[in-house]
Structures are given as C-alpha cells and as structure tokens.
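In our numbering, the protein residues as written are 6 to 694.
Treat the hints with care, as some may be off.
[Claimed, not checked] Computed cross-link-like contacts, DMTMM-like style, restricted to lysine to aspartate or glutamate with a CA-CA straight-line distance of at most 25 Å:
no., residue 1, residue 2
1, Lys-177, Asp-284
2, Lys-397, Glu-164
3, Lys-515, Glu-530
4, Lys-477, Glu-446
5, Lys-566, Glu-446
6, Lys-574, Asp-511
7, Lys-297, Glu-164
8, Lys-552, Asp-511
9, Lys-165, Glu-235
[What the hints assert, rightly or not] Label-pair restraints from in silico Cβ distances:
no., residue 1, residue 2, range
10, Gln-465, Glu-537, 48 to 54 Å
11, Gln-465, Gln-551, 46 to 52 Å
12, Glu-559, Arg-317, 28 to 34 Å
13, Thr-522, Thr-656, 17 to 23 Å
These are calculated hints, taken from the structure and not from any lab test. All of these numbers come straight from a predicted model, not from anything done at the bench. We put the CB at the ideal spot given by N, CA and C, even for glycine.
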Amino acid sequence: MSLLLESFLDQIHQNFHLIDYEINEYMVRYESSQKVELIRMLVSRLLDWYKAWAPPPEFVSLLFTRIPQALTDSRLGPVVASSYTLTFQTRLFSGLPNSFTQGFKSLCTWCLAPENFPPSDTLAALSPNMAVVWRDFEVLGLIDRYESVIASVGYEFIEKHVIEVCEGNWSKPMLEELRNWMSAKVVPWMLQIYARGATSTEEARSMLQGVGSRFDFHINKTLCDLRTREIFDIIIDFPDSMCALQDLKECLQRVDQRGPLVTALRKANAKRLLHPGADTKLILTQYVATIKCLRIVDPPGVLLFKVADPIRRYLRERPDTIRSIVASLVGDDDSGDSLLDDNEPIQPLQQLETEDYSDVMWEPEPVDAGPEFRTNKPSDIISTLVSIYDSKDLFVKELQVLLAQRLLAITDGDIARVERERKNIEILKIRFGEAALQVCEVMLRDMTDSKRIDTHIQAQAPSVVRPTIISKHFWPSLESSDFTMPGQFQALQEKYSAEFTLFKPDKKLKWLPQLGTVHLELELEDRKLDLEVPPLEAALIELFSQKDTWTLEEMLGVIGKVDRASAIKALATWVNMGVLKEAEENVFVLLEREEEGEPRELAVPAAPAAAPVAPVQSMQQQQAEKMRVYWKFIEGMLKNLGSLPLDRIQTMLRLAPGYDQTIEQLGMFMEAARREGMVTSRDGMWRLQ
Numbered sequence: 006m007s008l009l010l011e012s013f014l015d016q017i018h019q020n021f022h023l024i025d026y027e028i029n030e031y032m033v034r035y036e037s038s039q040k041v042e043l044i045r046m047l048v049s050r051l052l053d054w055y056k057a058w059a060p061p062p063e064f065v066s067l068l069f070t071r072i073p074q075a076l077t078d079s080r081l082g083p084v085v086a087s088s089y090t091l092t093f094q095t096r097l098f099s100g101l102p103n104s105f106t107q108g109f110k111s112l113c114t115w116c117l118a119p120e121n122f123p124p125s126d127t128l129a130a131l132s133p134n135m136a137v138v139w140r141d142f143e144v145l146g147l148i149d150r151y152e153s154v155i156a157s158v159g160y161e162f163i164e165k166h167v168i169e170v171c172e173g174n175w176s177k178p179m180l181e182e183l184r185n186w187m188s189a190k191v192v193p194w195m196l197q198i199y200a201r202g203a204t205s206t207e208e209a210r211s212m213l214q215g216v217g218s219r220f221d222f223h224i225n226k227t228l229c230d231l232r233t234r235e236i237f238d239i240i241i242d243f244p245d246s247m248c249a250l251q252d253l254k255e256c257l258q259r260v261d262q263r264g265p266l267v268t269a270l271r272k273a274n275a276k277r278l279l280h281p282g283a284d285t286k287l288i289l290t291q292y293v294a295t296i297k298c299l300r301i302v303d304p305p306g307v308l309l310f311k312v313a314d315p316i317r318r319y320l321r322e323r324p325d326t327i328r329s330i331v332a333s334l335v336g337d338d339d340s341g342d343s344l345l346d347d348n349e350p351i352q353p354l355q356q357l358e359t360e361d362y363s364d365v366m367w368e369p370e371p372v373d374a375g376p377e378f379r380t381n382k383p384s385d386i387i388s389t390l391v392s393i394y395d396s397k398d399l400f401v402k403e404l405q406v407l408l409a410q411r412l413l414a415i416t417d418g419d420i421a422r423v424e425r426e427r428k429n430i431e432i433l434k435i436r437f438g439e440a441a442l443q444v445c446e447v448m449l450r451d452m453t454d455s456k457r458i459d460t461h462i463q464a465q466a467p468s469v470v471r472p473t474i475i476s477k478h479f480w481p482s483l484e485s486s487d488f489t490m491p492g493q494f495q496a497l498q499e500k501y502s503a504e505f506t507l508f509k510p511d512k513k514l515k516w517l518p519q520l521g522t523v524h525l526e527l528e529l530e531d532r533k534l535d536l537e538v539p540p541l542e543a544a545l546i547e548l549f550s551q552k553d554t555w556t557l558e559e560m561l562g563v564i565g566k567v568d569r570a571s572a573i574k575a576l577a578t579w580v581n582m583g584v585l586k587e588a589e590e591n592v593f594v595l596l597e598r599e600e601e602g603e604p605r606e607l608a609v610p611a612a613p614a615a616a617p618v619a620p621v622q623s624m625q626q627q628q629a630e631k632m633r634v635y636w637k638f639i640e641g642m643l644k645n646l647g648s649l650p651l652d653r654i655q656t657m658l659r660l661a662p663g664y665d666q667t668i669e670q671l672g673m674f675m676e677a678a679r680r681e682g683m684v685t686s687r688d689g690m691w692r693l694q
C-alpha cells in the first residue's frame, strides 16, 4: 500500500504542471485587470482539480475488502485522504505567485463588504453563495494558509470605518456605537470563517471568543490612535469634546497607549503652543484645558504630570506669566476669557503634603509614575497655576502692582469700581490668606481716605484739581518724572497743597505730574477747543499762554527734564490739530487763527510703537531695579569663572549682603540682561556677552 500511495502522489507532482498553467493564465489576466472575480474563478477551478484527482471513496472500500489485514488499522482511509490533501496543497502553495496574496485579500475584502466594489454580474452571481466561497477556501486550505491576510482584511475594514465615522466627531460617545456596528457587519463575516462547523449558538460564541476579542481590541486601538492624533484639538474644543475624552479613557484601559498619547501631546504642544508667537494668555488657557481633560482621561494624574512639565517650564521663562494669572484672578476686563471655572469653589491654595502611609485609604502610585510624581498634588486650577513657581510671594507682589494700576485708573467718583476691587481682594484673601494681602487693604483704604480728604478740601477752597492721594510707603513704586507743570497748573497745585497742609499738618503732598489727565478748554481768536490730554501735552501748550513762539530747548528748560522724543511727540499732537505750527526746525508758533488748507503734520522721529507707560512699575521692573545692585557681583563671577548655571549663581549671590531674591527672580533678571545683550545663555549655562 505504501508503494501504491507513493506512486499516486508522485503522479500528482508530475502532472501538476497542468494546474500551474491555469494558475498562470488566471493570474496574468488578474494582474492586468485587477478584477476580483478572476481570483474567485481561479479558486473554483483549483477546487475542480482537487476533486478530480482526489482518491474516490470506492478505492478506500476496495482496500478494506481485498486486503483483510488492513482491517487491523482503521486509520488507513484518513491517512490516504490526508496524504493526498497535504501533497496537493503543498504543491499548490509553491506554485502560487506573490500577486495571488493581494488578489486573495481583495476577494476576502469583497466577501466582507461587496458594496465597496464596482458592480459586476459575476460578483452579483456569487453573492448568494458566500458560504460556498468560504467552504471552497477551507477545502483548499487557503483559510489556514492565509489566516493573517484574512485577519488584516477585518482590521483594515475596522480602521476605515472608525476613521470615517469618528474623525472629528467628538460630540457623542462612539465606542458603543462601533461595537454595535461590529456585531451587525463584521460578526456575520467572522461566523463564516472562524465558526464554520458550529452546531449551536453557544458553540459558535465559544469559537469566536478569541478572534472576537482581537477584533474588539483593534477597535479600541484604532479609536485610541485616532484620538491620540486629535488630542490637541480635542483639548481646544473642551468641554464640547467630553464624549471623546470618555472614549479615550475607556480605550486606554484596554490598550497600552499611554506613552504614545503623552509623546503626541508633548510634540503638538511644542509645535503649536510653546513658541514666541503664542500669547501667554492663550498658553495658560490651553494649559488649564489640558489639566481638565487629562484629569478625565487619567484621574491619578500621571499623564498630566508628564505632559505639563514642558508647559510649566516654558511658562516660568515668560516674564508676563504671573501677570496673566493674576489678571484672571482679579477679573481684569482686558484679559479676555477667565482662566477660572465659575463652578469651581473658592478655597485656600493647596500645598503638597507628606504622604501618610498609615492611612487605611492610602494607595500606591501608578506603575508608570515617574520618580518625581506625587499623588497628593494640588487639585484645583488656581493652586496648580500658582505651583508653577516655588513661592506664592511672587503672585502677591504682582497682585499689589496690578491692584495699584487698576485703582489709579479709576476716574473721580467711580465708587462702584472701588467696591468691585474690594470684593476681589476679599475673595483673594480666601486663597492667599489675610496676612499676604494687608498691603492691598491699605491701598483700598487710601482710595477711601483720598475721596474723603478731597471732599473736605473742595468744601474749603473749590478747585479743578482732583488728585488721588496715596501713602507712599504702602504702594508699589510709581513711575517718576522730573518735569514740573508750568503757569496756572503749578499755581493750582500749590493752592491745593496749602489746603492739604492745613487739613493734615503732619503730612506733605508730593505731586506726580506725569500721571493722570488734564481737561483743557483752549480759547483762540477764531475757535474754542475742549480736550482731555496727558499732563505733558497740557504743560507744553500752557507755555504758549506766555508768548506765541518757543524753541524746543526753551520749553525743555522751563518744564524740566523731559525726554526729547517724548516732547516732540507731545508737540506733534498740537501741530496735527492746527494749534501749533513748526515755523522752522524745533521752533513752534501758536496759531491764533486757523490756517487754510490741511494742517501741516510734524515729523516725529521714527521709533517702534510703544504702549502707554503704566503709572506703577511692574514687578519685573521693581525686581530689575533691586537686582542692578548685584550686577557687579554677577559680572565678576562670570568674568572670573566663565560659564555658570543659574543655581550656582544663586548660591554665590547668597553671600552678598542683603541679597534675598529667589532663583525665579534671579532668572527673570538674567533674561532681562540677555535681552539687553549683556549675557548669553546656552544649555542652561550663562556667560558674559
């Protein structure tokens, strides 16, 4: 029998060139037309050859009849059939060209989604016999041979559907909808492949358990990959993208994609957010949205800790970060949308605490947490923003500066704004503590006292001067100027100062003429002008009440030390309004009668446009003034020791008498020095320019 079987199998090898010929014919036609029905016809033709050469059942029966000793081995029949099948399939698979794999994949794809293929009469005729197609695949061994190809068809089908349905769709949960779609579209296809031969529903469910789990995993992975690519825009769209975040959270519990999510978001932040073109308020807004979103995706906060670190480091380097945060705290009208959530309760700033390992509710840190991660971190948004810096003192000082600017901007009689600022301070006391905001209380009290003092003086000697009187030692440093108001302005100031001295004998007024505004009524021969101008412009036009022609040098000599460019800019205002005329270079004449034609414009020296000077020095300016005292120490260090890191400079400066600045304040000063070209920085090392 072994010789007979060997001869039979050898004949198959010798005549298999007939099958190879037909395979070549079909594949040449497929490669030129890419018609999937040709692959189906080839499979059908191969099945015909397989059945034609298969040992007939009568042959096996004859063996049992003619050779009684064969009855002692009941496995003889299956051995003959399996030997034939193995030989045929081995020879067949060795003769299939590489292009057959792609063709077979296209045929499987058509079996899964025939509606995605162009109409064809041949394919339409095959549709009712879909089960027959898979049975033919099984007989020829194609399912086992190309199992990975068949699985890839299902995976690609899932990926295509997930992207089509879910991309940019963040307003509703998608994961459950995808699973329902899989049950309706993919599971029937899976039954024909992976549950063939099942006799009951339970048996089919058992057979599909493994592959079904893999396909469900692929749905989660595909959706997770899509949401990872979209995560930056999802955060921008929060809270409207809440459903997408919930889907992402569920996917991450099934798929280990936490690392790629962190990497993708950090790259997106570096490319689209952390660059000089982005406004600080925008960065803070995105950071707050990132905090809220990642707390939904990962409540323990490991992902947030890893993503936030570059944002926090970049914000520390920005000089206006503290001001932007503080402006949001006090409800600055010019700051746009607030960083705060109206529903978030007002509570004191939270500080990091030491973990209590004896607590019965204590839980270990997540396995992917870094060595610097701490579970008991601040949970509210404001505490998280303040924790960007090591000390809240920086925020308190900025609060004082911002409050001073807002109070000094209040016009006469606007009691409502003062009360609003008082309410803001009461709220901030809850966050920062009463002791930290005592200076702010003094400033608010000064505003009330100033109104009371002015009311008394106006009752004794009515005056058009309505100053804001503040305590010098409790307010931040104000911008100083050496110019004096001439003529009637000076007389009005002196009269007001005399009345103040009578009311407060132990105190003396020091005027800051560069601050505030002046309401003027100009009476010329042919016209009257009613204007509100800065004090410098009022001072310059007042000089022309004494004589009609002034040189620039004469005016500067009368009003005091004023920057020449500022004086020319102030004079340009009057020239452009037709009140003054530049008769010759730096010589100005009063025009009692308006000249015919368009007024001549005074050429102002070209200079970059600058915002109006704030009446109160910013915290950076105040720190810079303090740090200039220690510049010689820093210059000596860098000259003698070469490049130094910031912490080394800070350590050595502590030896200087009176030095009490934090490393963040030192960093701000060094950044300012770098912008002025005094030092350079590379890889965290500072050296002289």
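Here's how the hints hold up against the structure:
Of the supplied pair hints, the one linking Lys-177 and Asp-284 is violated, its CA atoms being roughly 31 Å apart against a limit of 25 Å. The suggested pairing of Lys-397 with Glu-164 is violated, with an alpha-carbon distance near 49 Å, which exceeds 25 Å. Distance restraint check for Lys-515 and Glu-530: the Cα-Cα separation of roughly 37 Å exceeds the 25 Å cut-off, and the hinted pair is therefore not satisfied. Taking the CA atoms of Lys-477 and Glu-446, the gap is near 14 Å; set against the 25 Å cutoff, the hint holds.
For the given pair, Lys-566 sits about 35 Å from Glu-446 by alpha-carbon distance, which is inconsistent with the 25 Å threshold. For the hint pairing Lys-574 with Asp-511, the CA-to-CA distance comes to about 40 Å; that exceeds 25 Å, so the pair is violated. Using a Cα cut-off of 25 Å, the hinted pair Lys-297 and Glu-164 is violated, with the two alpha carbons roughly 29 Å apart. A hinted pair counts as satisfied when its Cα atoms are at most 25 Å apart, and Lys-552 with Asp-511 does not qualify at roughly 40 Å.
A hinted pair counts as satisfied when its Cα atoms are at most 25 Å apart, and Lys-165 with Glu-235 qualifies at roughly 16 Å. The hint said 48 to 54 Å for the Cβ distance between Gln-465 and Glu-537, and at roughly 27 Å that hint is violated. Hint check: Gln-465 to Gln-551, Cβ distance near 30 Å, so the stated range 46 to 52 Å is violated. Separated by about 56 Å at the C-beta atoms, Glu-559 and Arg-317 break the suggested range of 28 to 34 Å.
Evaluation of the 17 to 23 Å hint for Thr-522 and Thr-656 yields a failure: the beta carbon distance comes to about 48 Å.
Checked against the numbered hints listed earlier, the structure breaks hints 1, 2, 3, 5, 6, 7, 8, 10, 11, 12 and 13; every other hint is satisfied.
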